[in-house]
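Protein chains in written order, with my numbering: chain Z, 1 to 327; chain B, 328 to 727; chain F, 728 to 1017.
Worth flagging that the hints you see were computed from the coordinates, not collected in a lab. Every value quoted in this text rests on a predicted model; they were computed, and no experiment measured them. C-beta atoms are modelled at their ideal positions from N, C-alpha and C, and glycine is treated no differently. Some hints could be false.
Per the computed footprint, the stretches of chain Z lying under chain F, defined by three or more beta-carbons under 8 Å from a beta-carbon of chain F, are [stated by the list, open to error]:
no., region
1, 125-137
2, 275-283
Keeping only pairs whose Cα atoms sit at most 20 Å apart, straight-line, the calculated PhoX-like set for lysine-lysine is [unchecked claim]:
no., chain 1, residue 1, chain 2, residue 2
3, B, LYS634, B, LYS399
4, Z, LYS128, B, LYS525
5, Z, LYS144, B, LYS450
6, B, LYS467, B, LYS450
7, Z, LYS75, B, LYS444
8, B, LYS514, B, LYS498
9, B, LYS462, B, LYS514
10, B, LYS399, B, LYS349
11, B, LYS399, B, LYS350
12, B, LYS525, B, LYS498
13, B, LYS498, B, LYS578
14, Z, LYS144, B, LYS444
15, B, LYS494, B, LYS523
16, Z, LYS128, B, LYS514
17, B, LYS514, B, LYS525
18, Z, LYS144, B, LYS449
19, B, LYS661, B, LYS697
20, B, LYS601, B, LYS617
Example chain B residues on the side facing chain F (calculated, C-beta under 10 Å, incomplete) [as the list claims (entries may be wrong)]:
no., residue
21, SER369
22, GLY376
23, GLN567
24, ILE575
25, SER678
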Amino acid sequence: MTKKTLIALLLLVAVASIVPFVVSNYRTFQFTLVLVYAIALLGLNILTGYNGQVSLGHGAFYAIGAYCAAVLMDKAGVPYWATVPAAGAVCLVVGFLFGLPALRLEGLYLALATFALGVSMPQLLKYKALEEWTGGVQGIVIAKPDAPWGLPLNSDQWLYFFTLGVALAMFLLGWNLLRGRVGRALVAIRDHHIAAEAMGVHNALYKSLAFGVSAMYTGVAGALGAIAVQFVAPDSFSIFLSILLLVGIVIGGLASISGALYGALFIQFVPNLADEISKAAPWAIFGIFMILFVYLMPTGVAGALRMLSERQKRHNFPAAKNEEEVP
Amino acid sequence: MKRLSVAFLSLCLAAPAVLAQKKYDAGTSDTEIRIGNTNPYSGPASAYGAIGKSIAAYFRMVNEQGGINGRKLNFITYDDGYSPPRTVEMVRKLVEQDQVLFVFQTLGTPSNTAIHKYMNAKKVPQLFVATGATKWNDPKHFPWTMGWQPNYQTEGHVYARHILQTKPDAKIAILYQNDDYGKDYVKGLKDGLGAKAKSLIVAEASYEVSEPTVDSQIVQLQSSGANVFFNVTTPKFAAQAIRKAYDIGWKPVQYLNNVSTSVGSVLTPAGLEKSVGLITTAYYKDPTDKRWDNDPAVTKWREFMKKYHPDGNVNDGFNMYGYSVAATLVQVLKQCGNNLTHENVMRQAASLKDFRVDTLLPGIVINTSKDDYAPIEAVQLQRFNGKQWELFGDVISTEK
Amino acid sequence: MDAFLFQVLAGLATGGIYASLALALVMIYQATHHVNFAQGEMAMFTTYIAWSLMDAGLPYWPTFLLTLMVAFLLGVAIERLVIRPVEHAPVLAVVVVFIALLVILNSVTGWIYTYTLKPFPSPFPEEPLWGIRYMSPHEIGAIGITLLVLVALYLFFRFTPLGLAMRAAAQNPQSARLVGIRVGWMLALGWGLAAGIGAVAGMMVAPIVYLDPNMMGGVLLYAFAAALVGGIDNPWGAVLGGFLVGVLENLLGAFVIGNELKLSVALVIIVGVLLVRPSGLFGTVHVTRV
Chain Z
1 MTKKTLIALL LLVAVASIVP FVVSNYRTFQ FTLVLVYAIA LLGLNILTGY NGQVSLGHGA
61 FYAIGAYCAA VLMDKAGVPY WATVPAAGAV CLVVGFLFGL PALRLEGLYL ALATFALGVS
121 MPQLLKYKAL EEWTGGVQGI VIAKPDAPWG LPLNSDQWLY FFTLGVALAM FLLGWNLLRG
181 RVGRALVAIR DHHIAAEAMG VHNALYKSLA FGVSAMYTGV AGALGAIAVQ FVAPDSFSIF
241 LSILLLVGIV IGGLASISGA LYGALFIQFV PNLADEISKA APWAIFGIFM ILFVYLMPTG
301 VAGALRMLSE RQKRHNFPAA KNEEEVP
Chain B
328 MKRLSVAFLS LCLAAPAVLA QKKYDAGTSD TEIRIGNTNP YSGPASAYGA IGKSIAAYFR
388 MVNEQGGING RKLNFITYDD GYSPPRTVEM VRKLVEQDQV LFVFQTLGTP SNTAIHKYMN
448 AKKVPQLFVA TGATKWNDPK HFPWTMGWQP NYQTEGHVYA RHILQTKPDA KIAILYQNDD
508 YGKDYVKGLK DGLGAKAKSL IVAEASYEVS EPTVDSQIVQ LQSSGANVFF NVTTPKFAAQ
568 AIRKAYDIGW KPVQYLNNVS TSVGSVLTPA GLEKSVGLIT TAYYKDPTDK RWDNDPAVTK
628 WREFMKKYHP DGNVNDGFNM YGYSVAATLV QVLKQCGNNL THENVMRQAA SLKDFRVDTL
688 LPGIVINTSK DDYAPIEAVQ LQRFNGKQWE LFGDVISTEK
Chain F
728 MDAFLFQVLA GLATGGIYAS LALALVMIYQ ATHHVNFAQG EMAMFTTYIA WSLMDAGLPY
788 WPTFLLTLMV AFLLGVAIER LVIRPVEHAP VLAVVVVFIA LLVILNSVTG WIYTYTLKPF
848 PSPFPEEPLW GIRYMSPHEI GAIGITLLVL VALYLFFRFT PLGLAMRAAA QNPQSARLVG
908 IRVGWMLALG WGLAAGIGAV AGMMVAPIVY LDPNMMGGVL LYAFAAALVG GIDNPWGAVL
968 GGFLVGVLEN LLGAFVIGNE LKLSVALVII VGVLLVRPSG LFGTVHVTRV
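Kindly produce the complete structure, drawing on both the sequences and the hints.
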């Protein structure tokens, strides 16, 4: 981490910490959801952006995470903070296991397999054999946590900080993972898996690991989302959630850590904006926004920002040279 | 001194009266009443969006005619795409940011379940929710939530009673949507059949809304040899089921849930000749049913559609539903007078006495009390004769 | 035994629906190497155009032909106006554009025509053919038309210069350009043809599932599975895949696991098949040169 990025990061965290004190509880709740989506998008980006395995069914892992949290709180009385790592662990295992057979599938066929997972998830959650735990079609209502240790925060503010803490940890972990050996291996597999294999990258291991880690991120996000919304039901996790997550990483920027945050802002706020513009056809407006973003920034918001800063550098550099020439 | 104290006393007595004249909670003023709502205007359930749009049109009409006690109704409605997390977000926006006096007709069982606890904790009314689940009539635990339409389970009871009376040797086959709505109906029927449910029901088949057709399920149910068919489906699947049953030559006695009784958008697509003999219940007038062609209330509704909601489809029963429920709300607000607090809205909603909306079937009146949070509790059986629905039997009260 | 046979017949009928849309998916994949998620909504939208024409009093077959032409133009226009500008964007960015098209078409149709169910006429007779009650004449006719489209496509790509040029443009754009084929227009043509096939699919599906803006949502899911299980680059495979999915799903639902999980299990089986044959049952195996 260079000094500059460290300062930028600290600044971002500082701003993020002020947010719940200057905006209303409702907005705080919305920003909590942004953080939740950001974690989920980072997870999907590890798999699809960095490793090139397209998933059309990540909503399923989000659902598993959410239900893990809800069932643990509702049936076993586990405190909310403990359900988050539990949901992550469950999704890590499920994702890894799903990644093993998925190794044989490439491109579109993998997309179909994940799509199938996403489509099936609501059906499985409704299934009567599981009803005792999942609450079937009725779902599970859970209680909202209050701030601990007598902190002078209301529950929305506390939940925001809790989510912010988890998000920071997850992003740091992701940053460490992706900037190093593992990240390079993932990208190498995406760009040319045969060459990667020849260079000694264990393709199968890394690909299934990518699946597991990606699912873990999304599962953690699901658990946090369930706690924030205080309710889970099969209808909350339709295939459209998976598609929305995919839209999020593309618009935020593929293979970019900061892209997850931009994508999260997009999928949280743009549908609301579309609804404000037109009650008659909100989806039409949402679709137009998607097309506009792709037209203007084909490599996502993160890609566009990167290009902008590089252009700025190139612009600055000759300018500096000119100054030197002037006596 | 004595006069002074008398004056003081009368002032004290008068003060509450003055206050009672105008009492406001968030979302109201001398000129406005803010009402919140969520509806699916996008996504796979967007057919229901017609309800929100027709309610908005009704309020436009009320406002044009001067509002209620001089106050305009400001209807703030948001799209939730039938996704419970979005409902939570939008309802919080309505309550915390837009500061509505109450939310009205929020749509869908899962969506309303998601905000149930929140609304009751906030003590903001969640009025006349658009779902037929039983749990909305629970004033003891959830005094701030109230339903409106007859609930699915009691409708199931009504069919069960009719089956037991007319066909004691019935072999019943059930087709239902695999969600809370479908399962509520099935539960109602089974409860109504009581101990006989096990022996009478010979087959059950479910479907998902994402399935293109229910043909396979109908073939399955037919092969069970059933002679009674209980059809718990939404319009598209209801029409498919009626047509398929006819086409493969299966001729059971058919009970159709009242979600899908529109002549225009269900029976016509299925084929009117294929729908002969269907039995269902009704509580509001179907605008596509010929029998109401000259009914003054339906004529008035048609004029309303033309003038205030020209984009709406006059074959769509949801527009009639929205109109009727909006009329009920207007009555509640009229009863509130100048005391527009959360508490009074709820109290007035719970004191509707023999209130009649003219678009409801003759004989159906709305009654509520502080122990009875179920406004419409009567339905009437009707049978399709190939041209229109024919009511038969009495108005059946489902009050327990 | 009868019940089994009836389920197979009903499965073939719904399989025919999946096959017709799967064919449109394969068509566009062959021409552009994209899977168009908006294909179902395009088909739905053109079917509404057909409905409007008939509502205005036009008879069935002229409407049919006119709708094909409109659909073709719509396909070309979408390629030129919407897809062309993102030609060089990453594949997933194009996928997002497809998703955007899907939601736009769905929403705009609902806005224009409302979401109320509409009956859509069939060109085939009402009375059961040859005493078969488990497949309506329309369902039999629709399968016939799908097969007809399949044969026409085969002949087109195999025997006409234009078909050959389109294949060349898809397989090797650089070389095709060198021999004078206008690759850009070939892609647009591919979109037009796929939209036309989609329009046929829509007009064949609508009498069965009724016309509403969400009528293709469920169908697309199965068509996607059908196209891939058959092999995304093989039209015959797509049609067979459609029937396979339809029948498999019915039999699982009726006799094996019940309706509540039949979709999930059918999908698991399909993915299972793909694990054994990763290019689909009839797809071409691609060999990558290093």
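Exercise for the section: Would you check the hint for B:LYS661 and B:LYS697, treating anything up to 20 Å between C-alpha atoms as holding? Expected result: Holds, because 19 Å separates the two Cα atoms, which is no more than 20 Å.
Exercise for the section: Decide if the proposed pair is consistent with the structure: Z:LYS144 and B:LYS444, CA atoms, cutoff 20 Å inclusive. Expected result: holds (10 Å)
Practice task
Measure nothing beyond the straight line between the CA atoms of B:LYS634 and B:LYS399; if it is 20 Å or shorter, mark the hint as holding.
Solution key: holds (19 Å)
Practice task
Answer holds if the nearest beta-carbon of chain F is closer than 10 Å to that of B:SER678; otherwise answer violated.
Solution key: violated (36 Å)
Handout entry: Restraint outcome when B:ILE575 is required to lie within 10 Å of chain F by C-beta distance
Key = At about 5 Å, which falls below the 10 Å cut-off, the nearest Cβ of chain F leaves the hint on B:ILE575 intact, so it holds.
Exercise for the section: Take the C-alpha atoms of B:LYS514 and B:LYS498, compute the straight-line distance between them, and say whether it is at most 20 Å. Expected result: The given pair, whose Cα atoms are some 17 Å apart, holds under the 20 Å limit.
Problem - chain F contact restraint on B:GLN567 - CB to CB distance below 10 Å - result: Holds: closest Cβ of chain F sits about 7 Å from B:GLN567, inside 10 Å.
Handout entry: Hint check, B:GLY376 versus chain F [nearest Cβ-Cβ separation less than 10 Å]
Key = holds (7 Å)
Practice task
Report holds or violated for chain F covering the region 275-283 of chain Z, Cβ cut-off 8 Å, minimum 3 residues.
Solution key: Answer holds; 4 residues pass the 8 Å Cβ test.
Exercise for the section: Below or equal to 20 Å on CA atoms is what counts here, so check B:LYS399 against B:LYS350. Expected result: holds (16 Å)
Practice task
Mind checking the alpha carbons of B:LYS525 and B:LYS498 for me, to see if they're no more than 20 Å apart?
Solution key: Holds, at roughly 10 Å.
Practice task
Measure nothing beyond the straight line between the CA atoms of B:LYS494 and B:LYS523; if it is 20 Å or shorter, mark the hint as holding.
Solution key: Since the Cα atoms of B:LYS494 and B:LYS523 sit roughly 12 Å apart, the hinted pair holds (cutoff 20 Å).
Checked against the numbered hints given earlier, the structure breaks only hint 25 and satisfies all the rest.
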